[in-house]
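K.L.:
Residue numbers (the working numbering), protein chains in the order written: chain V, 194 to 492; chain X, 52 to 384; chain Y, 61 to 336.
There could be a bad hint or two in this list.
As the list claims (entries may be wrong) - 20 Å max Cα-Cα, derived SDA-like pairs, lysine to any residue:
{"no.": "1", "chain 1": "X", "residue 1": "Lys124", "chain 2": "Y", "residue 2": "Gln73"}
{"no.": "2", "chain 1": "X", "residue 1": "Lys161", "chain 2": "Y", "residue 2": "Ser314"}
{"no.": "3", "chain 1": "Y", "residue 1": "Lys217", "chain 2": "Y", "residue 2": "Glu131"}
Unchecked claim - Derived list of chain Y stretches under chain X, where covered just means 3 residues or more per stretch with a C-beta under 8 Å from a C-beta of chain X:
{"no.": "4", "stretch": "145-153"}
{"no.": "5", "stretch": "300-307"}
Honestly, the hints are just simulated from the structure, not real lab data.
Since this is a predicted model, take the numbers as computed values, not measurements.
Glycine included, each C-beta is placed from N, C-alpha and C at the ideal position.
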Amino acid sequence: MKGIQEQMRARARELLAQGAVQMVIGWEKGTFWYLSPPAFVTDPEDCDRLVWDEFCTNNLAKYLLDYKHTGDRIALFVKGCDARGIVRLLQDNQIDREKVYLIGIKCPGVKDGRQAAALGEARRGEVPLAEKCRYCTHPEPVLYDELLAGDAAAREAAPGEGRFAEVAKVEAMSPDERYAFWTAAYDRCLRCYACRNVCPACNCRECIFDRSQSGWCGKQMQRSENMFFAITRAMHVAGRCIECGECERVCPEGIPIMALNKKIIKDLNELFGEYEAGVDLEKMPPLGQYKLDDPEEFH
Amino acid sequence: MLKIIRDKLPELLTAWARGARVLVPRERGGTRVFLPWEGEGELALGQGNTLEPPKDLFFPRTETMYRYQVQGKDASLAEEPAADARQVLVGVRSCDAKSLAIMDDAFLTKGYVDEFYRQRRENTRVIALACTEASPTCFCTAFGIDPGRAEGVDVQMWPVEGGYLLEAVTEAGQELLRQAGDLLAEEGDAQPPAAAVPPLQVDVSGVTEKLQRMFEHPYWTAVSRKCLGCGACTYLCPTCYCFDIQGENQGDSGYKFRCWDSCMFSEYTRMAGGHNPRPSKKERLRNRFLHKLQYFPERYGKFACVGCGRCLDRCPVNVDITRVIREVKEVTL
Amino acid sequence: MAEAARVNPLVPQVGRITRIIDETPDVKTFHVTTEAGKPFTPMPGQLAMLSLLDVGEAMFSITSQGLEHLELAIKKVGMLTDALHEAEPGQAVGIRGPYGNGFPVEELKGKDLLFIGGGIGLAPVRSLINYCIEHRQDYGHLWIIYGARSPADLCFKDDLFKNWPQVENCRVDVTVDKGDAEWKGHEGFVPAFVEELHPDPAGKVAITCGPPIMIKFVLQSMEKLGYKDEQIITTLEMRMKCGIGKCGRCNLGSCYVCLDGPVFTLAQLKQLPNEY
């Protein structure tokens with residue numbers, strides 16, 4: 194994948210040197226070989242920090258909100274899921290398309306950092322794909338200003354089956370089993386809000402979970418409030434979740450958050466027809482529009 | 052030195068559990084945490100740390116402080132019964148043991164004693180487990196902590212072939228070992244195994260003094276860019292002790308509770324009129340690092356970090372305190 | 061053996077509001093007492109945690125005290141203060157304290173004192189003014205310069221126009237940002253008014269409290285007038301929850317405002333991070 198990395202650095206350098214953008218957001222090497230966290234480069238001389246490897250996992254789209262109120266134009270490297278995050282933010286009128294320059298990367302899928310840590314560097318070749326990539330339907334960016342060339346062609350979109358396998362498992366449970374499953378998961382929730390903060394669909398200027406005085410959700414870390422948080426977050430991204438899986442990856446407690454998101458995606462597909470969030474700028478989310486033939490099942 | 056064979060350890064825990072709640076690292080949902088021992092099941096005393104630190108057992112995520120009744124203009128309140136249940140905490144690593152000394156400073160000194168914390172702390176015996184293998188994220192020795200022998204504990208344990216060596220450190224520890232009866236055998240010539248060598252090295256000398264001159268430095272803008280502003284680092288940190296106090300009404304009555312809070316959240320410092328002295332993640336991240344490396348040392352004479360590596364292990368964007376320390380020392384003023 | 065009952069500093073006493081005084085359209089003074097009498101005896105500048113048990117709890121400065129009660133002047137700014145403004149005498153409240161360092165009343169002895177207040181910022185300063193009046197022989201000249209947005213927004217009008225002007229060796233100057241038809245006094249902002257009155261720094265300590273923007277400009281004016289940082293005292297406001305230096309949020313560097321403050325000299329503040 195060297196080719197991609199060299200192109201990344203060269204393009205970042207050019208864009209910054211020309212003044213076409215004021216910042217480039219990509220990835221750099223972190224503390225360990227299996228970490229490639231987000232990198233923010235403002236100096237053309239500093240572009241060799243940027244890396245492209247199988248651990249460039251973080252979805253970068255959300256960072257654009259930090260620069261929403263600056264005049265800066267920002268270049269962003271986008272994998273398939275980063276680009277879908279951008280589409281989501283554009284559809285929510287959160288960012289200005291003119292202030293973003295998107296450099297697409299055909300993504301071969303990233304690897305699971307936690308399993309990499311367990312396997313050790315000697316077995317780097319055996320590290321499995323990240324969970325979020327196993328069922329990815331759009332490894333190639335759906336939106337970009339330029340696409341990096343190279344032999345690292347994106348793997349073909351994963352087959353659809355398996356995408357809802359976790360959902361099927363939970364659906365097969367009895368109500369009591371399902372209750373036990375979700376309470377066990379969310380009893381662990383620390384309410385650190387990493388899932389919310391990383392999510393490109395969670396972009397409210399003021400989140401109710403940052404307003405404990407409002408009385409909607411108590412700050413107690415206990416079952417009722419944790420469940421209220423879990424369900425509210427999931428319902429709030431209904432129809433807008435781009436399946437980048439970042440919420441589940443960043444959860445320090447390993448809560449299977451994507452099973453909840455995918456259950457809602459599956460239900461929406463069944464109720465309103467197939468829809469993939471963040472793929473087509475012109476196609477509004479099913480719950481973000483009104484149609485005369487929408488099913489009326491609000492009882 | 053006394054030894055217990057591995058298979059007998061559950062019996063020892065059960066013996067202790069007759070007079071106290073015994074908490075020991077166990078598997079839960081794919082992670083390892085301190086859970087009550089109820090007489091059966093697997094232990095998870097292998098290499099490395101629990102996902103969550105044991106602070107919850109002294110300073111619960113959420114605890115009721117008092118209950119109240121309000122009727123018209125009248126009101127009354129009742130304090131919660133004292134948290135005086137005895138606890139025995141087994142398998143605490145040296146880093147986490149040191150974190151208790153840091154929590155003690157925060158909760159028990161400087162003019163006020165936090166009664167909720169004091170009750171639990173005084174009623175808890177701590178049994179340390181030495182590290183003979185470190186995790187990649189460990190750096191306890193940077194803070195002068197010996198992974199092979201914990202400070203401030205009642206009993207020290209070492210993993211050895213086929214079992215554990217135990218040594219009582221305090222009188223309470225001796226009493227616990229007496230309760231073990233013939234589960235323990237004397238191993239006169241046994242030597243504790245060599246302590247683990249943490250792979251991450253960082254030299255913290257001078258970092259407080261450097262930070263004292265760096266409050267306005269642009270470094271904080273750069274280092275905070277990737278931060279998501281979540282509270283994972285603070286909630287998993289064994290030395291983060293910030294809390295909030297809130298109430299919950301249920302009709303005419305209700306209760307006041309305190310719960311963990313995080314300096315990474317906007318609401319933490321936002322005042323009633325809307326002013327926020329730490330309005331963005333830059334100020335909040337800066338405060339977190341300054342608290343650990345400058346403010347706490349200034350106030351209590353020690354760093355508020357024990358090198359357990361939990362924040363580094365779980366941060367979604369690899370904000371790495373060892374790297375921050377190195378970079379701070381390299382920054383030109 | 062049962063140990064002597066410990067007092068849990070985070071649990072309030074239940075008291076009652078015995079009297080409510082309308083100061084301005086959005087400020088009321090609340091007299092609070094308990095069945096056992098005054099909840100505690102604070103020093104000037106100290107703080108109290110006041111709560112409506114089913115609404116919330118917040119830190120307020122104690123503006124004055126009597127033999128049997130504490131007085132807290134409270135501006136309507138949020139949920140708890142809105143509810144307090146709806147309350148009537150007799151309402152039960154929770155109260156705990158006193159918290160904070162208070163004004164350095166011993167060090168101020170023998171000095172001339174200049175009090176500069178704006179809006180509700182007179183509330184903490186008033187506790188010191190009243191203390192100096194009670195211990196009149198210990199302190200030199202008292203000069204109170206106070207301003208508010210409008211005549212209606214002036215707090216403690218009885219003190220400003222009746223009580224304090226009658227005190228021996230005490231001067232009161234009042235300004236409003238904008239007067240009304242009946243206002244005959246000075247118009248203009250507090251910092252400019254201070255410069256106009258140009259109180260001589262010799263032998264004086266200035267105590268100032270008000271909205272942050274006023275403090276900022278007052279400090280500039282004081283510097284112009286030749287006041288040294290050690291001669292200027294102010295009190296800070298931060299979000300607080302525990303009041304006892306534990307919960308973390310009110311830190312300024314390694315100080316906790318609830319415990320080591322809220323009263324600081326400007327010289328001390330300049331040693332602390334500018335984060336308030």
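K.L.:
For each hint given before, does the structure comply? Return the numbers of the non-compliant ones in rising order.
P.N.:
Every hint satisfied by this model.
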